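Q: Taken in order, these protein sequences are the chains called A and B. Under my numbering, the first residue of the first sequence is numbered 4, with each subsequent residue one higher. Under my numbering, the first residue of the second sequence is numbered 837, with each subsequent residue one higher.
Incorrect hints may appear among the rest.
[Unchecked claim] Simulated restraints on C-beta separations: (1) D222(A) <-> R1390(B): 43 to 51 Å; (2) V225(A) <-> T1409(B): 52 to 60 Å; (3) S975(B) <-> S187(A): 35 to 43 Å; (4) G1304(B) <-> A155(A): 20 to 28 Å; (5) A1157(B) <-> E191(A): 35 to 43 Å; (6) A1125(B) <-> E191(A): 44 to 52 Å.
Because the hints were derived from the structure by calculation, they are not lab data. Owing to the predicted nature of the structure, the values given are computational and were not obtained by experimental measurement. Ideal Cβ placement from N, Cα and C applies to all residues, glycine included.
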Amino acid sequence: MMRKWLRDPLAHFLIAGAAIWGVISLTGGEVDPEARTISLSREQQAGLALAFERTMGRAPTDAELDARIAQWVREEVLYREALRLGLDEGDPVVKRRLATKMDDLASAQAELAQPSEEDLRAWYRENASGYESSGLIDFEQAYFPTRGAALAARGEGRPRGQPISLPRNVSGMSDREVGQLFGSEFAEGLSRLETSPEWQGPVQSGYGWHLVRVSNREDGNVPPFEEVREKVERDWRSRTIAARREAAYEVLRDAYTVEVE
Amino acid sequence: MRIITFTASLATALALAGCTDSTRGEPSEAQRGDGSDTVELAEFPDRPYWGDTHLHTDVSVDAFGFGVRLGPEAALQFARGEEVTATTGMSAQLDRPLDFLVIADHSDAMGATRRLYDAPRMMVRDPVLRRWYDMMHESPEQSTRAVGELITAAANDEIPEAFRDPERQAEATRELWDRHLDILDRYNEPGTFTAFAGFEWTLMPDGNNLHRVVMFRDGSAKTREVLPYPGLNGDVTGLWDYMDAYEEATGGQVLAIPHNSNLSNGMMFELTGPDGGAMSAQYARRRAAREPVVEATQIKGDSETHPFLSPNDEFAGFGVAGWDLGNLPLTRRSTPDMYAGSYVRSALLRGLTLEEQLGVNPYAFGLIGSTDSHTALATGDEDNFFGKHTGNEPKAERAMRPQNLGTRQGRFGWHYLAGGYAAAWARGNTRAEIFDAFMRREVYATTGPRMVLRLFAGHDFSKDDWDGDWVRAGYTRGVPMGGELQDTGRAPTFLISALKDPEGANLDRVQVVKGWVDASGTAQEQVYDVAWSAREMDGASESPVPRVGDTVDRLEATYENSIGAPELRATWTDPDYRRGQRAFYYVRVIEIPTPSWVLFDAKRFGLKLPANVVEANVIQERAYSSPVWLRPEPKPRKTPGDAPPIMSEG
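Just chain B, with the same shape it has in the complex (with noise of 0.2 Å):
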């Protein structure tokens, strides 16, 4: 059933696929490498660096069947800050252009729609492909359908065979991956801009979504030795082998990024391994080496945790509506007993208590937010949502459209979110130190706003500390976020500063939420207010601090700076901490109550929309900063003469 003979037809259409951009003119060494040597770098991270991690464009199969027709060349301008035209004609430009990008088109079937869209008809014998074919020429709204259908034979595993056929595909991957490789060199600035090359992996296992983003440290010269992995069929430890094939054979580094978590039924944060079997170490040691950070939030909802897991935590439903219902087309819907798989804040529970069987924890994750948006431009404000793919860029009707990918009810348009921004604490803006802060999990997640969010633990912090150099205090003497401290039977002690985002709405409170295992082996976990700007109890609120209140104007979409405050600090020692508890603590950030997109858009448009959708959309948003780990005191060794033990666990 080979469908699409064309193999001499080929070359021009990707000749013609890829004529918009400029593959001409050669960046420098110092662009085309990892950045090391490049730039002057700060003593100790002196600033984060803004970037989003997941962003596709009309190299992606169903990006391109969405109708985005720009390309990494025009993502790349518009993530520096430059204008640009979207597809469906707006003009589009960022408030502040962002530090970094990593461009992860998916891997399967990279720029097949295109080359099916460009292909001519009487070529395309597949009925299901010619269908589609003619469905994406129709009009936008039946590609958006072609792609709906897309998604969902993929996750049933029907996708017509030579979508996938791999020697062909192999051959198209081939040009595009060559020519985006420089095109990223070309926009890849030490000291400016990063443009880190990467991908994005699809498993997707009866629709319950898997997917990985892959990000390369390295330039062009080691990551042109390797295409993109496919990953339709297989398992993560395929994935896994690649990586370690890439490394092995360049020298080079790459890690992986889970996401939608939300979307996977359960099966992202197994207590399993792959096979149903029981977990091995040396699967939990793989995955903690190579997904050292999770993005926790981004449009297709948050993934930090679900009320039914965190009952008693009242900030806890943001960014779950909708789509808690199901899987990722919502062909198998989602029950409760799934949900503690699919959330981070319980898979990071997961990993202390399989941490104590296993002596090594699989889900010892940080924490970051990105778009995922299909349209090429890495937007995450609420009031610039260019939208989550080119079918729902800004119009009247997006709102209250449903959004479903499958056929099923329950998604509609204001479910989505308008997309988060990972933040890194690096010494400078290169490909190295950016993806080392990663590998070392000094990153933090938002929902959008650019929050400063600092987080130091030891065991001799005090408030004394704010009087002088905090920040050389907090390297020196203790870890910033995700590190890990050492057990000394003193209750640790952490200093927290979280500055509001300077263009964006004052701080409400500041949280840390510590997970541990307790003397019986269970998992809890606990939400502690440590700072907060409201000085008022109203008498509403069920937690001992007083609600910050609320400027919204539904109507205008718009709020006051009049409450909350420009800076929250702690210093914070747990309170409840008990010699060789195994823990994880990790700052939440909660912003004053905003409007969310859905009502910039309503204002824009006109749109009368239900209460209960202008109510949801009055929104706190926040940032996740990675968790510092407080780990057992080594066990003393009973053999004398063997080597002091550092670390008791790989």
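So that you can see chain A by itself, here it is in the shape it has in the complex (with noise of 0.2 Å):
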């Protein structure tokens, strides 16, 4: 009987404990007398209650409730007991937590927080270039397999080109088309272009050289706030968690003198 006891990892456990414990004590280590004491509100009992709803979809059965609050304290017994013995001390997981929990602690201001109208407006003025729609463009293009081909070419009054699936006249296309379409090369040279009842270019595009004309162009600009609103609110939300969390971060550092060895 006594040698069954002695192998029992329970039995060692709350030996060391309380070995531990009677060592802290003995050494003046601090017990707090009242976290000797766990008391439950009825505040908290309706958080354990409102968790138990959100995630069952109804609400939890005396039993099921009083099966949490035991559930509860146990946590609470033991999380005690293990900050009474240090093992919070030295553990990286234990670190890393609240390190994230601190992270998290910054980001979820912003998450809830409500924006003003005028954080949003300042957001979209600061921001403005990113709402701005691209320009719109109308030209007529031929296409030619090499430069020395589109010079030519360019005496003749409507050059012909050379066959290739792309579009021979294009009208309203955005810049970001233009780039999808015919490469980005092509849509930077398309925009150093004069609009002009003339042949210009050739402009090189990742198929080969364009004579190019350009019929009518169309700016890009901002639209009013309120049509982009919805767009501006979701950029500041996930912006601003990622500022809040790095600047709450540099307020700590601050605090600290680093020195790498």
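Starting from two chains that each stand alone, build the complex the way the hints lay out.
A: Structural data, given as structure tokens:
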């Protein structure tokens, strides 16, 4: 009987715990007497019931709430004992978990915050270029596989060019679409051409060379705030969370002197 | 053996897990729906829309374990072209934004690793889970190892029970799914960017990959009615039942995309039914209806065909090395007799054979590419490869390091492809338009470059059509890729145009791959070169077409567009047409040789690679169109008075 008891891990745990506690007590380690009282307020119980309801979609029965409370108490007891034993110190898991929580504290505020109209408008003004609609352009193009062929054709009244599966006439196309269709090099070259009845170029693309006649161009504009409000709020929130996190860290970080040897 | 007894703290953990997502602010009516009547539509599909249908974020059980800490919101921002910070701290951005995205997190244990990671350690009582928990917290390397064990356990059906306890899982999934659908709607902007709801269904008997990406046409009002369907147990008809039930209950639409058939050890495209018995017509019909598209190329290899199956196809070996050794976790080796069930070309052939027996073709699918990236970053370009998972985001050692999910040898970093994309011919960029393009198979696969590929099949096309509005001619007098052409007794003619990626490499050649069943009932295949750029024969080529050459500077990871062509066109009539023959035709476009991501890595990190690795990473990227099927004329009915048969098969 005695031997079996000696082999029981739980017994080992209790004895070791008692011994450590004894050492701490004897060496004057402080144990807050208040910490020996665990009280669960009405509000906290309601919180447990609410948490249950949120996951299960119904209120807990009395038995279920009792079980929840017992579990809460158990966790609290073990948690306090663990703190008393200093088990939180030097534990990389605890360390990372707490660091994550600090990070989350900062971002949670941004998540819950309802930005004021003013905040959003200010954000919109500062980041207006991000909401700018693309410019639209009308043009006609003739394709040539080489620069030489394109130059030679410049004298023609209306150059025919070589066949390629690209539109000859383009109307009301956004800069972005021009880039997708002809490549970024062409989109850039096109942006430097005048609106004119004359054929210009050649402009290089991912495919070759193009003579181009730009017949119309509408500049992009930043739509009024009301039209892009949702987008502004989405961007504000997602960026603010990251910024708050960094800002909160900076504040804390400034209070330390870090020496990396 | 219930390990995570923390129902109460579950809500807390979830709230924390989701804390970086912004879920407030209401998306508009147009953003929440399927996009019908929100944008002006072209008369015919006028451009390919580019997307990735297979992206994982930190919600996926394995992706989180591999280390990714970016969620769906960052994934959407990235796909739309914004700059984000990758998990490992590097700034990441796409050269060109995508037009659509399906975030396909694993439905099994959705968010479970994140919850395990966030749980108080003392609450993790299962010894196996506790071991993984400690490994995940110890270091990125250990975390990756833990996921390797997790995948192997899943393959061997040894996942700890608490990881898949359906009741607990359902609660957790509900919250994740609801929040996820809100985020999708917020980033879904008809006309600009389409965000699809979806998930990955991870059926994996004995580690043989039978995974599907499930993709919804609808907005949150409908998708909220269901939860992602878990897949570790069961068979594929269970998934189809789920899809039927969804459509019945909501009036919405959903499709499934099989992928990584190359890791299925022949099980993805079997000649038999799932129980090993003869395939039934009903099974074939359901499969054809539910799975109109297959993902043929992605980071974990290319599934078009294998040199063993296509010995006369000199371009057959792309993206095969390493992956053809065995199943997903390499717990079971592959043998050549399995390959016919693992690659799409042979599956398309099997489909023809089965159609003769059953009256319906279970494998009449279109082809797309995607990434299957587990980094939340949908990167497909060789010079911007962020890795299969966070464990191999850019760093010097990733190219040569063994990348075994299981414990055996044989797969290395350099076997990964940079990932593919899906192109959809649609009339506008909305959920409805792009989804419908998938349903009618008017889609194609690329290994990353954005070539523009048109294919029309008809009976009266000629060279002269190129002089006029040939796209209109294609749609009005023929069928586009994915379509079916009725045999009329005349050889079919194809209008094919392949335009290079304007930011990428020139084209080497365009080929037509034909598969048919001959008079003796044997399946046959043939690759025809139908247009090519090179003029000079160098004597080295086995085919009658001259080799295009090679301009790749191995050390600098560069190439020149001094060879190849910007566009290749063909008006091609099948020279071996036989009346009454059941056949499919798809187009393969081959680029000139270019450096793969491995050579970019070597340049960037100053690596000395073995010569065989260098040569294996001078690649010819490609596009695969969806096939066009030639269907035999309906047999005349014996009884007069019957309605004239339009299509003899359902």
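Q: Next step is simple, just say for each hint if it's right about the structure.
A: Right, here's what the structure says about each hint:
D222(A) and R1390(B) have their C-beta atoms about 46 Å apart, which keeps the hinted 43 to 51 Å range intact. For the pair V225(A) and T1409(B), the beta carbons lie near 54 Å from each other, so the given range of 52 to 60 Å is met. Under the hint 35 to 43 Å, the C-beta atoms of S975(B) and S187(A), about 41 Å apart, fit the expected range. Under the hint 20 to 28 Å, the C-beta atoms of G1304(B) and A155(A), about 26 Å apart, fit the expected range.
For A1157(B) and E191(A), the Cβ-Cβ distance of about 39 Å falls inside the hinted range of 35 to 43 Å, so the restraint holds. In this structure the hint that A1125(B) and E191(A) lie 44 to 52 Å apart at CB holds, the actual value being about 47 Å.
Checked against the numbered hints above, the structure breaks none of them.
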